[in-house]
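Asker: Residue-level listing of the chains:
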Amino acid sequence: MEPTLNNMHFLSAAYLIVAIANIGFVLRLMKRWNAFRAKENHLAVKSKNKALLH
Amino acid sequence: MLYVGLGLITGMLWARPVWGIWWTWDERLTSFLLLFLLYVSYLLVRQFSSNQSAIIAAVLSVFAGIDVPIVFMSIRWWRTQHPPPVLTGDGSLDRTMWPALLLNMAAWFLWGCSLVWARYAIAVREQQVEESVALNVVEA
Chain B
1 MEPTLNNMHF
11 LSAAYLIVAI
21 ANIGFVLRLM
31 KRWNAFRAKE
41 NHLAVKSKNK
51 ALLH
Chain L
55 MLYVGLGLIT
65 GMLWARPVWG
75 IWWTWDERLT
85 SFLLLFLLYV
95 SYLLVRQFSS
105 NQSAIIAAVL
115 SVFAGIDVPI
125 VFMSIRWWRT
135 QHPPPVLTGD
145 GSLDRTMWPA
155 LLLNMAAWFL
165 WGCSLVWARY
175 AIAVREQQVE
185 ESVALNVVEA
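In order, the protein sequences belong to chains B and L.
Counting in this note's numbering, the first sequence tops out at residue 54, every number present.
Counting in this note's numbering, the second sequence tops out at residue 194, every number present.
Hints may contain errors.
So, partial list: chain B residues that the calculated Cβ filter (under 10 Å) puts toward chain L [as the list claims (entries may be wrong)]:
#1 H9
#2 F10
#3 A14
#4 Y15
#5 I17
#6 N22
#7 L29
#8 W33
#9 A35
#10 K48
#11 K50
#12 L52
These are calculated hints, taken from the structure and not from any lab test.
Because the structure is a prediction, the values reported are computed rather than measured.
We treat Cβ as the ideally placed atom computed from N, Cα and C, and that holds for glycine.
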């Protein structure tokens, strides 16, 4: 199939959708990573405080 | 699920200018849609954390695993609207397209490996944190 102006719209739309989906997926992974880091830091502070008390 | 969904959407965007239709219920497209629905069901069932939902999710994943080779072989087993294999079948790919295809395949493969690695690394660390939370509770 030769690319024409008509089907270039469909091709551009496909590129755009794939790019948005990939960026969205990476952002979701980053959000999950940050949530886990926050939890980990919270635990570290808690155990440090516990050690100081003892 | 995300990438099967992307395959469906971009496939429809390709089909409209090439076939003149967005969708047809042929074997390849239908089995691929079934795969997408199985993954959606799997993720929905996984949201519930009871023992029974884990078993249902496992059964769904087995069905999805069985559907994958059916999707792959559908254009060999049946005459479909979808074109027959271009790389390994009777069809032929233009020589000028090979570098673009191989580059794309390599890029998607590396991207897939990176995502699996990132997802695995997060899951392992999440488990470690959950373990230490549980230990803290036991100690307290």
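Asker: Look at each hint and say if it fits the structure.
Answerer: Going through the hints against the structure:
Hint status for H9(B) relative to chain L: holds, with the closest Cβ pair at about 8 Å, below 10 Å. At about 5 Å, the closest approach between the beta carbon of F10(B) and any beta carbon in chain L falls short of 10 Å, and the interface hint on this residue holds. Proximity of A14(B) to chain L holds as hinted, the smallest CB-CB distance being about 4 Å (cut-off 10 Å). For Y15(B), the suggested interface contact is upheld, since its CB lies about 9 Å from the closest CB of chain L, less than 10 Å.
The interface hint given for I17(B) holds, since its Cβ lies 6 Å from the closest Cβ of chain L, which is under the 10 Å cut-off. Of the supplied interface hints, the one on N22(B) holds, with its beta-carbon coming within about 8 Å of a beta-carbon of chain L, less than 10 Å. Taken as an interface hint, L29(B) checks out: its beta carbon lies about 6 Å from the nearest beta carbon of chain L, inside 10 Å. Using the Cβ-Cβ criterion of 10 Å, the hint placing W33(B) at the interface with chain L is satisfied: the shortest such distance is roughly 6 Å.
For A35(B), the interface hint holds, the least distance from its beta-carbon to any beta-carbon of chain L being 9 Å, beneath 10 Å. The closest approach between the C-beta of K48(B) and any C-beta of chain L is roughly 13 Å, which is over the 10 Å cut-off, so the hint fails. Checking K50(B) against chain L by beta carbon gives a least distance of about 9 Å; that is within 10 Å, so the hint holds. Of the supplied interface hints, the one on L52(B) is violated, with its beta-carbon coming no nearer than about 16 Å to a beta-carbon of chain L, more than 10 Å.
Hint compliance for this structure: hints 10, 12 are broken, all remaining hints hold.
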